[in-house]
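Undergrad: Spelled out from the first residue to the last, the chains are:
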Amino acid sequence: MRYHLIGVNHRSAPLEVRERLAIPDSRLADACRDLTAHPGIEEGMIISTCNRVEVVTHTSNGSADLRGFLHEHFQLTAEDLDPHLYEFREKDAVRHVFRVAASLDSMVVGEAQILGQVKEAYATARAVGSVRGQLDQLFTRAFAVAKRIRSETAVGSSSVSVASVAVELAKKIFGSLQGKSVFIVGAGKMSELAARHLMAHGCASIFVANRTYDRAIGLAEKFNGQAIKFDDLYENCDRADIVITSTGAPHAIFRREHGEQFLARRKNRPMFFIDIAVPRDVAPEMAKLDGIFAYDIDDLQQAVSTHVADRHHEAELAEAIITSELERFEARLHARDVVPTIVSLQDHLETIRQAEIDRVRGRMGPLTPEQEMAVEALTRGIINKVMHTPITTLKTAAREAEATTVIDVVRRLFNLHEKEKGPASQAKDKEATSKQAESRH
Amino acid sequence: MPLLWLRFALACYFIGLIYAFFALSRTSDLFSRIALHAASLGMVFHFVSLVELFLAGHVVWASVHNGESLLAFFSMTFFMIIYAIYHTTSPGVVVFPIVFFLTFVAAVDEQPVLLTSYVSHNGWLVAHIVLIFTGYAALVLSFGASLLYLLQERRLKAKKPSSLISFLPALEVIDQIGYRSLLLGFPFMTLGLLTGSVLAILVYGHVNFLDPKFSLSVLTWAVYLVMVVTRWNSGWRGRRAAVLATCAFVTAIVAWAANYFSTIHRFAAS
Numbered sequence: 001m002r003y004h005l006i007g008v009n010h011r012s013a014p015l016e017v018r019e020r021l022a023i024p025d026s027r028l029a030d031a032c033r034d035l036t037a038h039p040g041i042e043e044g045m046i047i048s049t050c051n052r053v054e055v056v057t058h059t060s061n062g063s064a065d066l067r068g069f070l071h072e073h074f075q076l077t078a079e080d081l082d083p084h085l086y087e088f089r090e091k092d093a094v095r096h097v098f099r100v101a102a103s104l105d106s107m108v109v110g111e112a113q114i115l116g117q118v119k120e121a122y123a124t125a126r127a128v129g130s131v132r133g134q135l136d137q138l139f140t141r142a143f144a145v146a147k148r149i150r151s152e153t154a155v156g157s158s159s160v161s162v163a164s165v166a167v168e169l170a171k172k173i174f175g176s177l178q179g180k181s182v183f184i185v186g187a188g189k190m191s192e193l194a195a196r197h198l199m200a201h202g203c204a205s206i207f208v209a210n211r212t213y214d215r216a217i218g219l220a221e222k223f224n225g226q227a228i229k230f231d232d233l234y235e236n237c238d239r240a241d242i243v244i245t246s247t248g249a250p251h252a253i254f255r256r257e258h259g260e261q262f263l264a265r266r267k268n269r270p271m272f273f274i275d276i277a278v279p280r281d282v283a284p285e286m287a288k289l290d291g292i293f294a295y296d297i298d299d300l301q302q303a304v305s306t307h308v309a310d311r312h313h314e315a316e317l318a319e320a321i322i323t324s325e326l327e328r329f330e331a332r333l334h335a336r337d338v339v340p341t342i343v344s345l346q347d348h349l350e351t352i353r354q355a356e357i358d359r360v361r362g363r364m365g366p367l368t369p370e371q372e373m374a375v376e377a378l379t380r381g382i383i384n385k386v387m388h389t390p391i392t393t394l395k396t397a398a399r400e401a402e403a404t405t406v407i408d409v410v411r412r413l414f415n416l417h418e419k420e421k422g423p424a425s426q427a428k429d430k431e432a433t434s435k436q437a438e439s440r441h
Numbered sequence: 442m443p444l445l446w447l448r449f450a451l452a453c454y455f456i457g458l459i460y461a462f463f464a465l466s467r468t469s470d471l472f473s474r475i476a477l478h479a480a481s482l483g484m485v486f487h488f489v490s491l492v493e494l495f496l497a498g499h500v501v502w503a504s505v506h507n508g509e510s511l512l513a514f515f516s517m518t519f520f521m522i523i524y525a526i527y528h529t530t531s532p533g534v535v536v537f538p539i540v541f542f543l544t545f546v547a548a549v550d551e552q553p554v555l556l557t558s559y560v561s562h563n564g565w566l567v568a569h570i571v572l573i574f575t576g577y578a579a580l581v582l583s584f585g586a587s588l589l590y591l592l593q594e595r596r597l598k599a600k601k602p603s604s605l606i607s608f609l610p611a612l613e614v615i616d617q618i619g620y621r622s623l624l625l626g627f628p629f630m631t632l633g634l635l636t637g638s639v640l641a642i643l644v645y646g647h648v649n650f651l652d653p654k655f656s657l658s659v660l661t662w663a664v665y666l667v668m669v670v671t672r673w674n675s676g677w678r679g680r681r682a683a684v685l686a687t688c689a690f691v692t693a694i695v696a697w698a699a700n701y702f703s704t705i706h707r708f709a710a711s
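Top to bottom, those sequences are chains V and Y. Sequential numbering from 1 applies to the first sequence in our numbering. Sequential numbering from 442 applies to the second sequence in our numbering.
I should point out that these hints are in silico values taken from the structure, not numbers from a laboratory. The C-beta atom is built at its ideal place from N, Cα and C for all residues, glycine as well. It is possible that part of the hints are untrue.
Computed list of lysine-lysine pairs in DSS-like fashion (alpha-carbon distance at most 25 Å, straight line) [said to hold, decoys possible]:
{"hint": "1", "chain 1": "Y", "residue 1": "Lys598", "chain 2": "V", "residue 2": "Lys395"}
{"hint": "2", "chain 1": "V", "residue 1": "Lys267", "chain 2": "Y", "residue 2": "Lys598"}
{"hint": "3", "chain 1": "V", "residue 1": "Lys171", "chain 2": "Y", "residue 2": "Lys600"}
{"hint": "4", "chain 1": "V", "residue 1": "Lys189", "chain 2": "V", "residue 2": "Lys119"}
{"hint": "5", "chain 1": "V", "residue 1": "Lys147", "chain 2": "V", "residue 2": "Lys171"}
{"hint": "6", "chain 1": "V", "residue 1": "Lys171", "chain 2": "Y", "residue 2": "Lys598"}
{"hint": "7", "chain 1": "V", "residue 1": "Lys147", "chain 2": "V", "residue 2": "Lys119"}
{"hint": "8", "chain 1": "V", "residue 1": "Lys288", "chain 2": "Y", "residue 2": "Lys598"}
Examples of chain Y residues toward chain V, derived with CB under 8 Å [to be verified]:
{"hint": "9", "residue": "Arg595"}
{"hint": "10", "residue": "Leu597"}
{"hint": "11", "residue": "Lys598"}
{"hint": "12", "residue": "Lys600"}
{"hint": "13", "residue": "Pro610"}
{"hint": "14", "residue": "Ala611"}
{"hint": "15", "residue": "Leu612"}
{"hint": "16", "residue": "Glu613"}
{"hint": "17", "residue": "Val614"}
{"hint": "18", "residue": "Phe650"}
{"hint": "19", "residue": "Ser675"}
{"hint": "20", "residue": "Gly676"}
{"hint": "21", "residue": "Arg678"}
{"hint": "22", "residue": "Gly679"}
Turn these sequences into a full structure, and let the hints guide you.
TA: Written out as structure tokens, the structure is:
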């Protein structure tokens, strides 16, 4: 298990830092290639969402200079970045990946979006070949664990999400949402979800602006709303009480002067900005204006944290599932390490046995069928008895943490090497792998 | 006797006062229910006290203390109306202390003396007192609402998780409470001033524009007008509205204090 993970998330790093690390979808594939080109990294994958940027790798010797990779790739100094980084190795890295995929590490615990985002990152990395056997195994398992947690606990079923928190905040500002209007800037899944929640709570009309006008029309049609050309955004924005913004713009699109214009045209009636974009769409200076209430993704997390206690119990159940799944995964990995050793041990002894029988035949001449059977039975019996203890020990070790040490010892004692595999052992190998695959299902 | 009932009312309002301080730091449904019931009971005692004064045969309301008692009662009435409409006790945070203070002063001792010179124009006097005090009570409420607005705005801006569970109603609801009190109070204040002027003309034959009571009352009315106009035109709320409401409130207090210097509006006791 030579997994190594490094990253930042909404807890470890402020939005300002995450903004600098965010990798747009269009550049993710290149970043994965860069990652695997880095020394010591066999396989690598990058998860970049608005709440986290994580680099997951499988290394040649259990550790690689991932900090160096981040410094180089994002051109950041150690002082800027390192205080916000967390790093996990081996078992801890696996646990973290499981928790992320199962949405236990999310800002809004249990929200479903993260699994989709991890799957997309996985697909991108796979497409460029930076994810192969080891990471493939890890993430396939992580997706299964996430699915299990979703079906066996209520972590994902509660209504708590960014969307419902947004509704709650809107109610704190406007009281009833009856007749309020919503403006979606940048058509994305999350903003669509938030809009849906707001409409369900009484919001009457909806406007959509998107850089691609066709997408705006498409989304507006879904809600019986009105599509607005992106260029007309500032002229129309004040018509809405609630603005959900999630554009991919590199800089804030709502600045102080826009806020002042909106308020003047609205006769100072308050406006609520739900800014789920990273980097942020609403400039902090604008959020300071009286009458403008802007909540970015970090603020929403704070608001959500009051609800987290409610789902504490479900999260505990989910953590228990993670722990048991982690053990199973580990055992499977160890078993994978043990099987080739057992096979080559059997192979090795079988070679010795055959060689000895041949030597006896050479000295004594041809044997009668009865003698052949007796020699065969005798030698096999001895070998089976000799092999019994090492194989049992290896199998037991597979379930424990010291498997690697035991494997090393056995390999050294019997002087086993990978190349010793003969045709017989390859057949056994296949058999073992298929058995393992069966046990996985 | 009226004073005894008033003191009972004061005891009830005291619970409201404690609630007002308590509610600033935490939320308790139980406590807000207790405060509401205590305030209602206090109003019953208060009402009995006012009726007894009225039945005493004179317009004895026209003493400083009885005026304060009446203003407190009107403020509580507004508070209850708001509770009936919006189901929130939060304006009590501001209203309860003011009501307690007014009732406390009124309940200290009795001031039996009347504005004798006005008695012949009893109808105008009653109209003036009722109108002007309704206007003042509305002003107290809108002042309270503007402070609450500011508080809620700060909470929402501070983005603390507690902003979700705070005792305060939604920002727009507070705004409506303030605005409606303002709109309701303004005509009462205007009519109250007009009836007062009529009363002055009836008694003295003219209005003394330089009299501090008159000029300060007009100033209060002017600030009131500015509040209505800025709200109407530019939708002023939040900090600016709170500043104006505070100005109006302070001018109103100064205008009240002017009773002590006025030649035409002097209560006999002062």
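Undergrad: With reference to the structure, classify each hint as holding or not holding.
TA: Okay, the hints, checked on the actual structure:
A threshold of 25 Å between alpha carbons decides the hint, and for Lys598 (chain Y) with Lys395 (chain V) the separation of about 61 Å lies outside it, so the pair is violated. This hinted pair checks out: Lys267 (chain V) and Lys598 (chain Y) have alpha carbons roughly 20 Å apart, not beyond 25 Å. For the given pair, Lys171 (chain V) sits about 14 Å from Lys600 (chain Y) by alpha-carbon distance, which is consistent with the 25 Å threshold. Restraint check for Lys189 (chain V) and Lys119 (chain V): satisfied, since their Cα atoms lie roughly 15 Å apart, inside the 25 Å limit.
Restraint check for Lys147 (chain V) and Lys171 (chain V): the C-alpha separation of about 33 Å exceeds 25 Å, so the hint is violated. At most 25 Å may separate the alpha-carbon atoms for a hinted pair to count; Lys171 (chain V) and Lys598 (chain Y) meet this at roughly 15 Å. Of the pairs offered as hints, the one joining Lys147 (chain V) and Lys119 (chain V) holds, with about 12 Å between alpha carbons and a cut-off of 25 Å not exceeded. For the suggested pair Lys288 (chain V) and Lys598 (chain Y), the alpha carbons sit about 8 Å apart, so the restraint of at most 25 Å is met.
For Arg595 (chain Y), the suggested interface contact is broken, since its CB lies about 10 Å from the closest CB of chain V, more than 8 Å. Taking 8 Å as the C-beta contact cut-off toward chain V, the hint placing Leu597 (chain Y) at the interface holds, the least distance being around 5 Å. Using the Cβ-Cβ criterion of 8 Å, the hint placing Lys598 (chain Y) at the interface with chain V is satisfied: the shortest such distance is roughly 7 Å. For Lys600 (chain Y), the interface hint holds, since its Cβ comes within 8 Å of a Cβ in chain V; the closest pair sits about 4 Å apart.
A cut of 8 Å between beta carbons decides the hint on Pro610 (chain Y): the least distance to chain V is about 7 Å, and the hint holds. A hinted interface residue such as Ala611 (chain Y) counts as satisfied when its beta carbon comes closer than 8 Å to some beta carbon of chain V; here the least separation is about 4 Å, so the hint holds. Proximity of Leu612 (chain Y) to chain V holds as hinted, the smallest CB-CB distance being about 5 Å (cut-off 8 Å). At about 5 Å, the closest approach between the beta carbon of Glu613 (chain Y) and any beta carbon in chain V falls short of 8 Å, and the interface hint on this residue holds.
A least Cβ separation of about 4 Å between Val614 (chain Y) and chain V falls short of the 8 Å threshold, and the interface hint therefore holds. At about 35 Å, the closest approach between the beta carbon of Phe650 (chain Y) and any beta carbon in chain V exceeds 8 Å, and the interface hint on this residue is violated. Checking Ser675 (chain Y) against chain V: minimum C-beta separation of about 6 Å stays under 8 Å; hint holds. Among the interface hints, the one on Gly676 (chain Y) holds; its C-beta lies about 3 Å from the nearest C-beta in chain V, closer than the 8 Å criterion.
Restraint check, Arg678 (chain Y) versus chain V: the minimum CB separation of about 6 Å is within 8 Å; hint holds. Checking Gly679 (chain Y) against chain V by beta carbon gives a least distance of about 4 Å; that is within 8 Å, so the hint holds.
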